[in-house]
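Engineer: Given next are the chains, with one letter for each unit.
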Amino acid sequence: MAKVVIENIVKEYDKGQVAVNNVNLTINDKEFVVLVGPSGCGKSTTLRMVAGLESITSGNLYIDDLKVNNVAPKDRGIAMVFQNYALYPHMTVYQNMAFGLKIKKVPKAEIHKKIIETAKTLELEDLLDKKPGHMSGGQRQRVAIGRAIVRKPKVFLFDEPLSNLDAKLRGQMRVEIAKLHQKLEATIIYVTHDQVEAMTLGNRIAVLNKGCLEQFDTPMNLYNNPVNMFVAGFIGSPPMNFIAGKIIVEDDKRYFVNDAGNVKFDLNRTLFSIPKEYDNDNDNVTLGIRPEDITISKPENGVSVEVSIETIELLGNEQLVAFTLNNKTLICRLPSNEQYLAQQKLMLYIDLERILLFDSNTEKRVG
Amino acid sequence: MRKSFTYIILIVGAISFIYPFFWMIMASMSPEKELANLIFLPESLTLGNYAKMFDKIPIGRSLINSVFVASIVTLGVILFSAMVGYALAKMKFKGRDLIFYIIIFTMTLPFQITLIPNYITIVKLGWVDQYTALIIPFLINNFAILLFRQSFMSVPQALIDAGRIDGCGELRIIFQVLFPLIIPTIVTVGIITFMSTWNEVLWPLIVIREEQLMTMPQLVTLFSVGGRAENQLGVKLASAVLLALPIMIAFIFFQKYFIQSMASSGIKE
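Heads up: the sequence lines are chains G and B, in that order. Quick note on numbering: the first sequence equals residues 1 to 367 in the working numbering. Quick note on numbering: the second sequence equals residues 368 to 636 in the working numbering.
Source of the hints: derived by calculation from the structure; they are not laboratory data. In this text, all values refer to a predicted model and were calculated from it rather than measured experimentally. Beta carbons: idealized from backbone N, C-alpha and C, even for Gly. There could be a bad hint or two in this list.
[Stated by the list, open to error] Cut-off 35 Å, straight-line C-alpha distance, at most; resulting in silico cross-link-like pairs (DSBU-like, lysine-lysine):
| no. | chain 1 | residue 1 | chain 2 | residue 2 |
| --- | --- | --- | --- | --- |
| 1 | G | Lys168 | G | Lys154 |
| 2 | G | Lys74 | B | Lys457 |
| 3 | G | Lys210 | B | Lys457 |
| 4 | G | Lys364 | G | Lys253 |
| 5 | B | Lys370 | G | Lys102 |
| 6 | B | Lys457 | G | Lys108 |
| 7 | G | Lys130 | B | Lys457 |
| 8 | G | Lys210 | G | Lys246 |
| 9 | G | Lys210 | G | Lys168 |
| 10 | G | Lys67 | G | Lys183 |
| 11 | B | Lys461 | G | Lys104 |
| 12 | G | Lys131 | B | Lys459 |
| 13 | G | Lys210 | G | Lys120 |
| 14 | B | Lys459 | G | Lys152 |
| 15 | G | Lys102 | B | Lys623 |
| 16 | G | Lys105 | B | Lys459 |
| 17 | G | Lys114 | G | Lys15 |
| 18 | G | Lys67 | B | Lys457 |
| 19 | B | Lys461 | G | Lys131 |
| 20 | G | Lys131 | G | Lys108 |
| 21 | G | Lys183 | G | Lys104 |
| 22 | B | Lys459 | G | Lys3 |
| 23 | G | Lys114 | G | Lys3 |
| 24 | G | Lys15 | B | Lys461 |
| 25 | G | Lys130 | B | Lys623 |
| 26 | G | Lys154 | B | Lys457 |
| 27 | G | Lys114 | G | Lys179 |
| 28 | G | Lys114 | G | Lys130 |
| 29 | G | Lys364 | G | Lys345 |
| 30 | B | Lys457 | G | Lys152 |
| 31 | B | Lys461 | G | Lys67 |
| 32 | G | Lys3 | G | Lys15 |
| 33 | B | Lys623 | G | Lys131 |
| 34 | G | Lys104 | B | Lys419 |
| 35 | G | Lys102 | G | Lys179 |
| 36 | B | Lys623 | G | Lys74 |
[As the list claims (entries may be wrong)] Pulled from the structure, derived: some chain G residues nowhere near chain B, Cβ distances all over 10 Å:
| no. | residue |
| --- | --- |
| 37 | Asn21 |
| 38 | Asn84 |
| 39 | Ser163 |
| 40 | Asp252 |
Work out the full structure, taking the sequences as your base and the hints as a guide.
Structural biologist: Written out as structure tokens, the structure reads:
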């Protein structure tokens, strides 16, 4: 297996459109890295550049310390699993898996051995004579993964492999891919727009936005310590709540107060310190709080806020309660043992030990 | 009621197309003197007209020439037009769309306009009275390029990417990965090319003068209008039947693909 280094990579199309802008990533041997971001953020383009399916405008790409910018896809030691499986429809499962090896002129007996081995791992033995048209989506995706495995690549590339499957199957396949990673001890680069997939599968996650890398970190660090509002808003479902406000100084004490003035607390009660330059400047900070950190019971270090309920989504073990604060809809996650009604007034608490503060202009985290 | 009306219309339509063919075949097997009164079946069947025709012209040789020329041209058109169609559909390069529009534009030019320049070229190349004159100018075809381009455009890019990762070059991608997916288009291009090459008269008349190299339509045309048939309609019709037969047989074999392709062109799956 291999280490992949993406160094200052840029992809610019003919019409001047920049799809990937100066992205740097070092993916360690046997690491499972997920590229995540909204549509058009450049995650698939980055993956395709690693695969060699897309040329690199500038920057360097190394696989196992070897610069591969101009190396053909087949010689990069990679295998790719596509969103729509990309199985050759006129070939059987066996032929699909054998095709790449045949071109490489691997001896027939060896091809057969590899296919049987892989088919066993992925429980594909009964499907070897079938054509893709006669299989379900889940089976096809397993074959696509099998086709990648038989190549014994240095790096596996997955391009949104589960997005064509239904929710239940997606869950199953997610577990299978995680198991496979443990078993194969492979370096994997995985693209998805589904943050649940990203959080559950990745050793580290790279969050991309508009072609730029926003943050590259472990799932828990991304969740707890996002570097900016984009990452904070993108990772987590429902997303983090944002409350715009400012920092004021009264009696030598510094307070955060929101625009409507109904959320106010002493900054000394938080776990961080904010640079003084933010004091008494209008609308320059934004408070971020996760839905689960807005509670109905008073935490040790919380600030209360009275809200009016807008809608309630019951999820069984919990409920997502949407409410308006200063004309903005926010969401909190409450236990489902209590029943609430729309339009009901409710006293909620923001856990001050869990809040984050962002610069409203640069959207960077300041506390 | 409405359904039966539709069937009546279809039957009338079918008869109006089939009857002239049927009459031609019957007339070719009927004695010359009975031709004037022939409506459906002749009173006596004879192969005399065919025998006379075989005596007068080297129709066997021309059949071989036609099959040879039409087959090579069809093969060439499928190979080369598919390559161009693939490039126009799936490869990215500067001026790709311009090239495509120019190819489309050439479809609007009548064959007669290029006839003389083409002939001059053939003369300068010294290809007059050679098979090359009948084959090489027709090895690629704008209509086939258009059909292949549209077909390749409907093939998912991921399949091509998968091929590249598996180690395929562009030619292997076209002929091994994508060709099995566009069989109806290949068959359609094959039938149309074979038919049009088979039926071509004007160009062979210009570039081929030696009887041994003549294609069947050329020979039959010269035979019919050149006076060698001695104004005998039965003999002329016998040569016409032989001319039409291979195309009819080909169509019967491939009609499923032909209709499928015509019906599904332009629809993305």
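Engineer: When you check the alpha-carbon spacing of Lys623 of chain B and Lys74 of chain G, does it fall within 35 Å?
Structural biologist: With Cα atoms ~38 Å apart, Lys623 of chain B and Lys74 of chain G exceed 35 Å; violated.
Engineer: Does the structure keep Lys105 of chain G and Lys459 of chain B at a Cα separation of 35 Å or less?
Structural biologist: holds, 30 Å
Engineer: Next pair to validate is Lys168 of chain G with Lys154 of chain G; report whether the Cα-Cα distance is within 35 Å.
Structural biologist: holds, 30 Å
Engineer: Lys210 of chain G and Lys457 of chain B: Cα distance at most 35 Å?
Structural biologist: Holds, at about 26 Å.
Engineer: If you draw a straight line from the CA of Lys210 of chain G to the CA of Lys120 of chain G, is it 35 Å or shorter?
Structural biologist: violated, 41 Å
Engineer: Quick one, are Lys102 of chain G and Lys623 of chain B close enough, alpha carbons at most 35 Å?
Structural biologist: The hint holds at about 34 Å.
Engineer: Within a Cα-Cα threshold of 35 Å, do Lys459 of chain B and Lys3 of chain G meet the stated pairing?
Structural biologist: holds, 31 Å
Engineer: Would you check the hint for Lys461 of chain B and Lys131 of chain G, treating anything up to 35 Å between C-alpha atoms as holding?
Structural biologist: Violated, at roughly 38 Å.
Engineer: Starting from Lys130 of chain G, check that the Cα of Lys457 of chain B is at most 35 Å away, please.
Structural biologist: holds, 29 Å
Engineer: Would you mind confirming whether the straight-line C-alpha gap from Lys210 of chain G to Lys246 of chain G stays at or under 35 Å?
Structural biologist: holds, 28 Å
Engineer: Take a quick look at whether Lys130 of chain G and Lys623 of chain B sit within 35 Å of each other, Cα to Cα.
Structural biologist: holds, 25 Å
Engineer: Is the Cα-Cα distance between Lys131 of chain G and Lys459 of chain B 35 Å or less?
Structural biologist: Distance of about 31 Å is within 35 Å: holds.
When the structure is compared with the earlier hints, violations turn up for hints 5, 13, 17, 19, 34, 36, 38 and for no others.
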